[in-house]
Each structure stands twice: as structure tokens, then as C-alpha cells.
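Asks: Using the supplied hints, reconstruct the complex from the two chains, each of which is provided in its own coordinate frame.
The listed protein sequences derive, respectively, from chains A and B. So for the first sequence, this note's numbering puts the first residue at 1; every next one is plus one. So for the second sequence, this note's numbering puts the first residue at 1; every next one is plus one.
Please note: incorrect hints may appear among the correct ones.
Said to hold, decoys possible - Far from chain A, some chain B residues (derived; all Cβ distances over 10 Å):
#1 G33
#2 M161
#3 N227
Said to hold, decoys possible - Dumping the calculated DSBU-like pairs for lysine-lysine here, alpha-carbon to alpha-carbon at most 35 Å:
#4 B:K217 to B:K62
#5 B:K217 to A:K219
#6 B:K142 to A:K13
#7 A:K69 to A:K180
Quick caveat, the hints were computed from the structure, so don't treat them as lab data. None of the values given here were measured: they were computed from a predicted structure. Glycine included, each C-beta is placed from N, C-alpha and C at the ideal position.
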Amino acid sequence: MRAYNHFNALVKKEILLELRQQHSLYGMMLYIASTIFVLYLTIGDAEAEIWNALFWITQLFICINAVAKSFLQEAKGRMLYHYSITGPTTFILAKITSNVLLMFVMNIINLVLYTAFLGDPTSSYLSFMGISLLGSLGLSLVFTMLAAIASKAMQQASLMAILGFPIIIPQLMLLVKLSKSAFSEIFREGAPLQIVLLLVALDISVVFLAVILYPFLWKD
Amino acid sequence: MKLSWWKILSIILLFYAVIGGFLLPVPELSQLGETIRNLYFHVCMWFAMMILFTVSIVHSIKYLRNTNFMHDIKAKSYAQVGTYMGLLGYLTGGIWASFTWADPNNPAYASFGSIMREPKLIGAAMALLIYGAYFILRSSIKDMDQRARVSAVYNIFAYTMLFPSIWIIPRLLPSLHPGQEGNPALNFNDIDARMRMVFYPAVLGWALLGVWIASLKIRIESIREKNIL
Numbered sequence: 001m002r003a004y005n006h007f008n009a010l011v012k013k014e015i016l017l018e019l020r021q022q023h024s025l026y027g028m029m030l031y032i033a034s035t036i037f038v039l040y041l042t043i044g045d046a047e048a049e050i051w052n053a054l055f056w057i058t059q060l061f062i063c064i065n066a067v068a069k070s071f072l073q074e075a076k077g078r079m080l081y082h083y084s085i086t087g088p089t090t091f092i093l094a095k096i097t098s099n100v101l102l103m104f105v106m107n108i109i110n111l112v113l114y115t116a117f118l119g120d121p122t123s124s125y126l127s128f129m130g131i132s133l134l135g136s137l138g139l140s141l142v143f144t145m146l147a148a149i150a151s152k153a154m155q156q157a158s159l160m161a162i163l164g165f166p167i168i169i170p171q172l173m174l175l176v177k178l179s180k181s182a183f184s185e186i187f188r189e190g191a192p193l194q195i196v197l198l199l200v201a202l203d204i205s206v207v208f209l210a211v212i213l214y215p216f217l218w219k220d
Numbered sequence: 001m002k003l004s005w006w007k008i009l010s011i012i013l014l015f016y017a018v019i020g021g022f023l024l025p026v027p028e029l030s031q032l033g034e035t036i037r038n039l040y041f042h043v044c045m046w047f048a049m050m051i052l053f054t055v056s057i058v059h060s061i062k063y064l065r066n067t068n069f070m071h072d073i074k075a076k077s078y079a080q081v082g083t084y085m086g087l088l089g090y091l092t093g094g095i096w097a098s099f100t101w102a103d104p105n106n107p108a109y110a111s112f113g114s115i116m117r118e119p120k121l122i123g124a125a126m127a128l129l130i131y132g133a134y135f136i137l138r139s140s141i142k143d144m145d146q147r148a149r150v151s152a153v154y155n156i157f158a159y160t161m162l163f164p165s166i167w168i169i170p171r172l173l174p175s176l177h178p179g180q181e182g183n184p185a186l187n188f189n190d191i192d193a194r195m196r197m198v199f200y201p202a203v204l205g206w207a208l209l210g211v212w213i214a215s216l217k218i219r220i221e222s223i224r225e226k227n228i229l
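Bound-form chain B, shown alone (with noise of 0.2 Å):
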């Protein structure tokens, strides 16, 4: 079995991360405890999930310019697993939330009607609603190039509206989340150096892993349509 070099990558990446994100050393905060390690994991999947849903469009743009079929087959890819990636996203998420903003007095589930009015939950809920749509967009039309063009024209419609949302909403709601300004776990103030050390591999091997998945997806989707490609 032969595996190019950002496969290996990966692995050892990953390996780093998940063995290094449990064992090595993290700051102490009470808030916290060890659920800190959560960072290797949950903010990964949130920035893989953006890089696949970013070549996913570019892709779509790709495919609007040349029609080549190949373009479609990868977007409809990158999308899905970015949409997968952006569910454990939530569930990983959802761990941290239950030890940190869930009312300690009720059962977790009380807590999520106030816990989903979190801007970054928003912003998140709106990109999987958003690829949500674009699926059953793609299933409702018959036509294979029709379905392509119009999905693809979909895709970067509702991409470059997401984005101004996702600047505008945490400017009109309170928040609880880390990163209130921008992007939480980029400043480097917000994030201990000893943290760094793994986030940032962690962060890389995440998307490379997705990146994988997607690709073993698309060989299997052009070998299917192998006829018509």
C-alpha cells in the first residue's frame, strides 16, 4: 500500500494530537478542568469543517467556468464531508457545553434553548442548514447538468452570504463563547503556549483526515459515473 506524503502526514498528525492533546501538559483552570483538551478536537472540526466547505465552493466556481463534470462530483464531496465534520463540531461541542453553560440544576437538555442563542451556534447552525439545502437541492433535480450548474450556483450564493453573517450576528447578541472579536483560538493571546504546541498540528491533521475522506469519495463517485465522465 503506498500513501503520498500528506496521507502520512496526517496519520502522524493525528496521532500527535490525540495521544500529545491527552497527556501532555495544559493549563489549570477551574472553569475548565480537563475538558480543556476539548480544543484539540472541537475547534478542529469547525476549522476543517470551513477549509472543505472553502474548496467545496471553489470547486463549484471551477465548475461554473468549465463545465467539467470531474468539478461537480468534488464540490457535492467537500461539502459532505465538511457538512459531517461540522456535525461532530456540535457533538464535541456539546460535551463542553454540559460542563460549562448548562445549568448545573436541571438536566442538560433545560439549558439548550438558552445555550443555542450563541452567536457562533447560530453561525454554525446556519452553514449546515445552508449545505442541508444544497443536498436536497442537488436531489430534486433530474438533469445531471442542470443539477450541477444550478447546485453549483447555490453553492456560492448562500457561501458569500454566509459570510457577512457570520461577522454581523456576534456583533448583535451577547455571547458566552471564547473569541467574541474574530476568531477564537487565532489570537495568540487567547491560547497558552503549551497548547499551541498541539492545537496547531491538530488543527492541520483534522483537515488533511477530511481531505482523505473526500478524496476516497470522490474515486468512488467517478468510478460510478465512470460512463458518462
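So that you can see chain A by itself, here it is in the shape it has in the complex (with noise of 0.2 Å):
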């Protein structure tokens, strides 16, 4: 019970901080609003196959920017005093939390100002919409983990990228393969479904391995 008070203590602070620093938000929000900007610029009339693509950069991008903040922010002396108050578990689940709450923002942004540009080649607008929420949550899983990592070394951002994009390609080439499902190409009977099954037990694999990992880089 503990526990539980603590992490809602946690991703309410976590979400508190996100709205009253406002200039991270709007920085972050910019920078879709740029980048999506750019890419409509360059690109013009983008085939069904190259949106696809980009839109999944995009994310990629997004979700480095969006989650590293989350580690790097946090300056030396609120690590200590939050080392005194919680435990690891509770403390990277909360983190894990807030970041897909985080995450799933800027996804319906990066959604909604995507296809304002660039179009809208789908088919079923909504279940793109779903699987490109189910790719936010994996994505803003693996790099919490990994911006937990990076955030214990120098040149944080970068190294962030090196680290986890070995990691995301498995789960980016899921995730661009399920969502040609809302392109109305065919696919195998129940094939999308198991696509699903396997981003959910990544998803769950990551959770475990964070939760199992993350307290040997809590101490300093």
C-alpha cells in the first residue's frame, strides 16, 4: 500500500513538473511541429509506404527527446533526496508510467499535425491511430530504460541513440509491418493479432527487465 501511494506520488509529481516547466513541453511540441514542417517541405506527396516510414522516424526521434529529458533533468541532489524517500521499483515504474502518459501525448500530436501535412493515406484512420499508440508505449519503454543508463554517462543524448537503436529495430519493423494493416493491404488470417501478442510481450519483457535492472544503477 505503501508502495502504491508512493508511485501515485511519483508520476503526479512527474506530470505537476511536465506542466509547470512548460518550456520543455512547448520545446517538445515545437519540435514535432518543426520537424513534421521540414519533412512536408522536402518530401511533398509522400506514397503510402514512405508516410509509413518517416511517420515511424518521427516517433523514434520524438520518443528520444521526449523521454531523455526525464533522466537528465533530474538534477544530482533530487536523485539523493528521492533515493531517502522510495525504492527503485517504485520509482522506475512511476517514471515508466508518466513517460507513456508523456509519450502518448505527443503521439496524438505528432498524429494529428502528420496528417494535417503530409496527408492521410490510411485506410482505417483509427486503427492506425491504435497501433501507432501501441508503438508509443514500446518505444517510451525501452528508452526509459536506456536514458536510465545513458543518464549515468556523459554526452547523454547522443549516446542514448547509439544504445537503443540496435535494441528498437525489431520492434520498428513490427510496428511498420502492422501498420500496413491499416493501409488495406492484405494480410494472413490472425496475422496482425500475432504481431500484437509479440509488441505486448516485448512490452512486458522490458517492464520485467527494468524493474529487475534498474535498482543496481539506483545507488551511486
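Replies: And the structure:
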């Protein structure tokens, strides 16, 4: 029960911080808007395949930027304070939850702007949105753990990309494949469901690994 | 000079693998010709790489359990030799691919773009990128204990994420590489009996050689870090 209260308080703190330090939230939104505007001006009319690939690449970079700061903005003193009031498992779970929520918001903004500028080649917009939310869940889980690792090193932001890209490849490939089901591409019976289950299984295993491994990163 | 039994075994096995590999009879396949003998080198490199990476992660787990600095040195050295084996695996695979897959009408590098999309090659590239990142991570942390701990965590995290991927990706993409369903050369029907006679000793020989190189690196490193061990 105490762990649950801690968890709630920590998630609330993250959301409050996000809302109060508005420069970082608006910064993220501007990042999305300018990325999409650059894409809009450079590629113009994109075919469905390229539209899809570029969407996931923007998701990837938004996730790196949104999640990276969750650990990087923690001052040394504040980590010490967290250390004295709560446990590592609660802390990482709270971080994961708040990052997933943040990434969901960014995902919606990204999707809306993206379709506004680059058109909407999907045949089922809602299922594409569902797939993109599933994708941002997986991305933010993996990158939360990597941000925790990278926050211990120098040049954290670029290090996160180096550490993350090889690990995220299979998930991105699965997501690109899955989102083709929203482009009226014909799939074998049950294949999309299989991919969804695989992604969920991967997400669960990442959470497990984070819970097991984070206590070792926690102590300084 | 005294060598322990497994080092002698490694020397004998590798002599057998190289001499036998080039001279013993092999099945005649028009697609492969004599490049079929590359099996004794190319596939063994990947086996050795995976074995060395596995040993590396075992030492990472051991480090997190008892924070003995020696385990950190071992994890790093095994990962280094494993990466080296992986690069050799790419090199030997390149010889094979340029003979079998590359478009004969174009220069070999023109086929690179289509060859790299092979699931097995993606898996191997992921493994090498992960360990490249592992070394970058190590070099960007100054504090010794922290470096050991953080890199051990990344080693375990990345390795456990790598395995599902190696299993998933081949099922997403078409492949020309042998061994579509599982591991090439492990399947008994895939490989000729005559070749098995050389192949299995060769795997063992190359893996032992990798362990040997790693053990030398560990000794050098532990002498260098003598004052803190």
C-alpha cells in the first residue's frame, strides 16, 4: 500500500513538473511541428510506404527527445532526495508510467499534425492511431530504461540514440509491418493479431527487465 | 612453455579444421563449388561470437551479484573478442555472398543494398551495433565502479532484447540465407555427414581459440589494474 502511494505521488509529481516547466513541454511540441514542417517541405507528396516509414522515424526521434529529459533533468540533489524517500522499483515504474503518458500525448499531436501536413493515405485512421499508440508504448518503455542507463554517462543525448537504435530495430520493423494493415494491405488470417501479441510480450519483458535491473543503477 | 589441455586441444582441432577443411572431400554442388568449405570458417565465427557474448553476459550478471572487479574485466574482454569474431564472420560471409548472391553483371558492392536486408545479416548487425554501443558506453563513464555497474546493466538488457529479435526478424522478411527456420548447420538434415566430421570440431576449435585470446586479454588487463584488484 505504501509503495502504491509512493507510486501515485511520483507520477503526480512528474505530471506537475511537466505542466509547470512549460518550456520543455512547448519545446517538445515545437520540435514535432518543425520536424513535420521540414518533412512537408522536403518530400511534398509521399506514397503510403514512405509516409509510413517517415511517421515511425519521427515517432522514434520524438520519443528519444521526450524520454531522454526525464532522467537528464533530474538534478543530483533531487535523485538523492528520491533515494531517501522511496524504493527503486516504485521509482522506475512511476518514471515508466509518466513517460508513457507523455509519449501518448506527443503521439496524438504528432499524428494530427502529420496527417494535416502530409495527407492521410490510411484506409482506417482509427486503427492506425491504435497501432501508433501501441508503438509509442513500446518505444517509451525501452527508451526510459536506456535514459536511466545513459544518465550515468557523459554526452547523454547522443549516447541514448547509439544505445537504443540496435535494440529498437525489431520493434520498429514489427510496427511498420503492422501499420500496413491500416493501409488496406491484405494480411494472412490472424497475422496482425500475432504481431500485436508479440509487441505486447516484448513490452512486458522490457518492464520486467527494468524492474530487475534498475536497482543496480539506482545506487551511486 | 606449459599449455593447459584445452589450449592444446584448440591447436589440434584448428589444424584439423584448416587442413581437413581444405583437403577432405565435400559434396559437389554447382551453386557453391569449392566455396562450400567456407562453412568451416564462416559459420564457426558466428558460433564463437555467440558463445563469447554469452560468456560475457554471464560475467556481467556475476559482477552485479558480487561486484568483484575481475568479472567486469572478463565481461569486457569476452565482448571484445566476440565482436572481433563477428567482424571476421562478416568478412568470411562477404566472400561467400560475393560468390553466390551478388549480381554477376554488376560490381559486388552494387549488390550490397539488397544483401544487407537479409534477416540473418540484420541480426548480426544488431549484435555488433549493440556491442559497439557497449564499448562507447564504457568509455564515456569515468568512475570505475559506476562504469562496471552501468555497462553490466546495459549488457544484460541488450542481450536479452537481442534474442527475441533474432527469433522475430527472420519471420518478417524473406530470406535467401540457409537455415530459415532456426539455426543453419545445426539441423542434421542440412549438412552432409562428411562435412559434419570437420564442422563440429572446427566450431569447438574456433570457440576455444576465442576463449584463449580473451584469457590473454584478461591477464594483461588484470596486470594493468593490479593496484585496484
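Asks: Decide, hint by hint, whether the structure agrees.
Replies: Quick rundown of the hints versus the structure:
1. No Cβ of chain A approaches the Cβ of G33 (chain B) within 10 Å, the least distance being about 34 Å, so the stated non-interface status holds.
2. Distance check on M161 (chain B): its Cβ comes as close as 5 Å (rounded) to a Cβ of chain A, failing to clear the 10 Å threshold; non-interface status is violated.
3. The claim that N227 (chain B) lies off the interface holds: its Cβ sits roughly 23 Å from the closest Cβ of chain A, which is beyond the 10 Å cut-off.
4. Under the criterion of a C-alpha separation no larger than 35 Å, the hint pairing K217 (chain B) with K62 (chain B) is consistent with the structure, at around 19 Å.
5. A hinted pair counts as satisfied when its Cα atoms are at most 35 Å apart, and K217 (chain B) with K219 (chain A) qualifies at roughly 30 Å.
6. Proposed proximity of K142 (chain B) and K13 (chain A) is supported: the alpha carbons are some 31 Å apart, at most 35 Å.
7. Among the hinted pairs, K69 (chain A) with K180 (chain A) is consistent with the structure: their alpha-carbon atoms are about 31 Å apart, no more than 35 Å.
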